[in-house]
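*Asks:* Listed here are the chains, written in short residue letters.
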Amino acid sequence: MSTTGRDLARRLWLLLALGAATTLVLFGAYRGVHDDTVPLASSSTPGILAVDSAKNALRQAHAAVDGSGPGGDATGDFHTQISVAHQSIAVAASENVTGLADRHTLQTVTGLITVYSAWVERAGQETDASLRGAYLYYAEQGQSDIVDRLDDLRNDQLEVAREQASFPWPLRLGWGAVLVLCLVMCAALVEAQWFARHRFRSAVHPPLLAATVLCASGVAILGWFTVRAHTAMGDSLAELRATRSADEIPETGADVERYMADAGFWASLSEWVLVGGVLLMALTLVGLWPRISEYRFRVPR
Amino acid sequence: MRRPRPRTLGIVCVCLVLLAAGVVAGVSWARGWTGSVTVLANWSGGEKEQFERAMKRFEEEYRIDVVYQGSSALSQVLAADLAAGTQPDVAVLPGPGELTAYAADGRLEPLDGLFEAGAYDRVWMPKVAGEDGRKRTYWLPVKTGLKSMVWHAGNLSKDQITRTAGEPDRWCLAMESGATSGWPGTDWVEDILLQQAGPQVYEKWATGDLDWTDARVRKAWKTWGDMVGAGDRTRVDRVLKDNFGQDCPRESLEHLGSFRDTQWKPVAGDFVHSSEVVPDARTASDHWEVSGDLAAMLNATDEAKKLIRFLADPDTGLPDFTVNKKATAPDRHEDPLKRKIGSILRGSEQRLCWDASDTMPPALRDAFHRAVLHFLVKPGELEEQLRGLEALNGDGRPTLPVCGTG
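For the record, the sequence lines run as chains A and B. Counting along the first sequence from 1, when you hit position 197 you're at 429 in our numbering, and nothing is skipped either side. Counting along the second sequence from 1, when you hit position 35 you're at 924 in our numbering, and nothing is skipped either side.
These are computed hints drawn from the structure, not numbers from a lab. Hints may contain errors.
Within a straight-line C-alpha distance of at most 20 Å, the following computed DMTMM-like cross-link-like pairs (lysine to aspartate or glutamate) qualify [to be verified]:
1. LYS1108/B with GLU1279/B
2. LYS1267/B with GLU358/A
3. LYS1215/B with GLU1005/B
4. LYS1194/B with GLU950/B
5. LYS1130/B with GLU353/A
6. LYS1194/B with ASP954/B
7. LYS1130/B with ASP298/A
8. LYS1130/B with ASP377/A
9. LYS937/B with ASP377/A
10. LYS937/B with ASP380/A
11. LYS1024/B with GLU1005/B
12. LYS1130/B with ASP360/A
13. LYS937/B with ASP384/A
14. LYS1267/B with ASP360/A
15. LYS1195/B with ASP954/B
16. LYS1130/B with GLU358/A
17. LYS1227/B with GLU938/B
18. LYS1215/B with ASP1001/B
19. LYS1130/B with GLU372/A
Could you build the full structure based on these sequences and the hints that come with them?
*Replies:* Structure representation (structure tokens):
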């Protein structure tokens, strides 16, 4: 008695199981990388650069006061820079990179800037050199306290960005499993194609061929996007590592934006992994089920 | 024995993987936070480390993440947070003045029922009026400090201390303290008034019932100016910029609170009551100025309530000195200085008066800080400064008992 029907059914179940496993592991591994691309581009980067802007503005504000005469800053540059610092802190708070601790620090910094400004204004109004010197000294102490806190906050934000750009061992394991499963799946599809051709003396089974191409090309394309995303995140992180001066901040922002320009597109493909997986299994089913059906209803002569 | 079938092996493998995933998820859930509580305080250095150690125990015990921020600009930060509606869950403020005002505005959550109020003397934890006029408990003393102290190296006789106190250059004096620069000077003026005029006058002045231009208040300022050499430009320029936490020369005297014990301990330092060096102090003047870091709840979350209960637990190791009567008695302290300070704080309720500036409204308190800086430079303009302070001494502010009445 022929065992072809049973062999085909066994191959079908194996291919469906492999297809499901490949799809799920690929989905997890892909999301593991691309779920962090958008937050790195749209939250961590602006948050870190906003902290840099605030620090620069505070330094420039203090330089404006330091360089002024006994009457204080007459150019208005001090108030402009303090406004910039407040706006930058509001941006950093809205990006919420490190969560609750981030917001709490920025609220404290806002209060400290108010105190700092008050000392500077008092110094500007003071006619006595001793008191003016003392008030400016208090302002300077306050400014360095604020900058220290912003430095600490920046380090915490950078740590978050570093985690987002990292490729830890579970992800390496996941992508290793994707490659192995993809190779096994393609080999099983080729073997099923060969088996079917041999038993039925027919030409190529288009659905099985399409499934093979879909599996190999899908994994290759998504893998390539992942390599690009990982490289882009690494480049972005390198831009963010060093504190930028006021002139460099827009350029750094633009560079990161350029690196991560396709991040949204890459991330949006994760849902299509599941669609592709369903299609892969459907093609496998379409390729083998008619042959199995032939054996189910074939009456022995 | 039969070998297991491949399908059985497969099922066993899947079960093992699921079990391992469950264990990993369970462990990660158990190790994660169950909530968070934000805390705003003004501790730094050793006090901050001691507080953070206590908070670590709290975090481990309750799995609640404590997000701590410390700043000398506590008042300004809290005021901004309250205005923006982003106040911390718990704030630890130095002194009850601001808290009394916040309680009257309905900004604080009552603490009644969260811990045993009887464990604290009334002076530390009076019931104050809330927004509806009902009196409740609104704060918990987390850490207290003794003032009215004059530190010395420990090898000086009473006569030597009195003689040294008469030489302005021998006082270790420093005014810089970030947003609150000037407070060491306000402590001086307050303490001199307390020792010269007594607790009744002191309390009237602190609560706004005595004018700043009153002769007794003026005398306290002038006494201080004479003692520390106000107007001596060379010295004052340095004093204004020196930080209050600076090291003091061994042969000097210092008028600061009990938190300075760590500074004076290495030279076997000791302290005397300030009435022993303040000119014209009342005979047998025995009142001590005190300060306290008071925890108040601004958001009545479960996490904040748990933290308040934890802080009120006598076994919680908080920065010195606790006034929880159920905590270990101060006379069992190994350090003789701490024993002495702790015993005064825990055993002299009727002789303790709050630091007056800590009971004043923030605007008046801040102006007081600036006025002492101005006075140090230009003592001749005292009258103008006092009139300016009197102008801020508005009526109708919520008051609380300043000195212990038993």
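*Asks:* Each of the hints needs a verdict: does it hold here or not?
*Replies:* Evaluated hints:
1. At roughly 16 Å between alpha-carbon atoms, LYS1108/B and GLU1279/B fall within 20 Å of each other, so this suggested pair holds.
2. Taken as a hint, the LYS1267/B and GLU358/A pair is honoured in the structure, with Cα atoms around 13 Å apart against an allowance of 20 Å.
3. Distance check on the hinted pair: LYS1215/B and GLU1005/B sit about 10 Å apart at the alpha-carbon level, within 20 Å; holds.
4. A C-alpha spacing of about 14 Å is found between LYS1194/B and GLU950/B, which places the hinted pair at or below 20 Å, so the restraint holds.
5. For the proposed pair LYS1130/B and GLU353/A, the alpha carbon gap of about 18 Å is at most 20 Å, so the pair holds.
6. Only pairs whose Cα atoms come within 20 Å are accepted, and LYS1194/B paired with ASP954/B is accepted, the gap being roughly 14 Å.
7. For a cut-off of 20 Å, the pair hint linking LYS1130/B to ASP298/A stands: about 17 Å separates their Cα positions.
8. In summary, the hint linking LYS1130/B to ASP377/A is supported, as the alpha carbons are separated by about 16 Å, within the 20 Å threshold.
9. Between LYS937/B and ASP377/A the CA atoms are separated by roughly 16 Å; this keeps the pair inside 20 Å, and the hint holds.
10. As the CA atoms of LYS937/B and ASP380/A are separated by approximately 17 Å, the hinted pair is consistent with the 20 Å bound.
11. A distance of roughly 17 Å separates the Cα atoms of LYS1024/B and GLU1005/B; the hinted pair therefore holds under the 20 Å criterion.
12. Restraint check: the Cα-Cα separation between LYS1130/B and ASP360/A comes to about 15 Å, which is no more than 20 Å; the hinted pair holds.
13. In summary, the hint linking LYS937/B to ASP384/A is supported, as the alpha carbons are separated by about 17 Å, within the 20 Å threshold.
14. At roughly 9 Å between alpha-carbon atoms, LYS1267/B and ASP360/A fall within 20 Å of each other, so this suggested pair holds.
15. Distance restraint check for LYS1195/B and ASP954/B: the Cα-Cα separation of roughly 12 Å lies within the 20 Å cut-off, and the hinted pair is therefore satisfied.
16. With a C-alpha separation of about 16 Å, the suggested pairing of LYS1130/B with GLU358/A holds against the 20 Å cut-off.
17. With a CA separation close to 18 Å, the supplied pair LYS1227/B and GLU938/B stays within the 20 Å bound.
18. With a C-alpha separation of about 18 Å, the suggested pair LYS1215/B and ASP1001/B falls inside the 20 Å cut-off, and the hint holds.
19. Taking the CA atoms of LYS1130/B and GLU372/A, the gap is near 11 Å; set against the 20 Å cutoff, the hint holds.
In the structure shown, no violation is registered for any of the earlier numbered hints.
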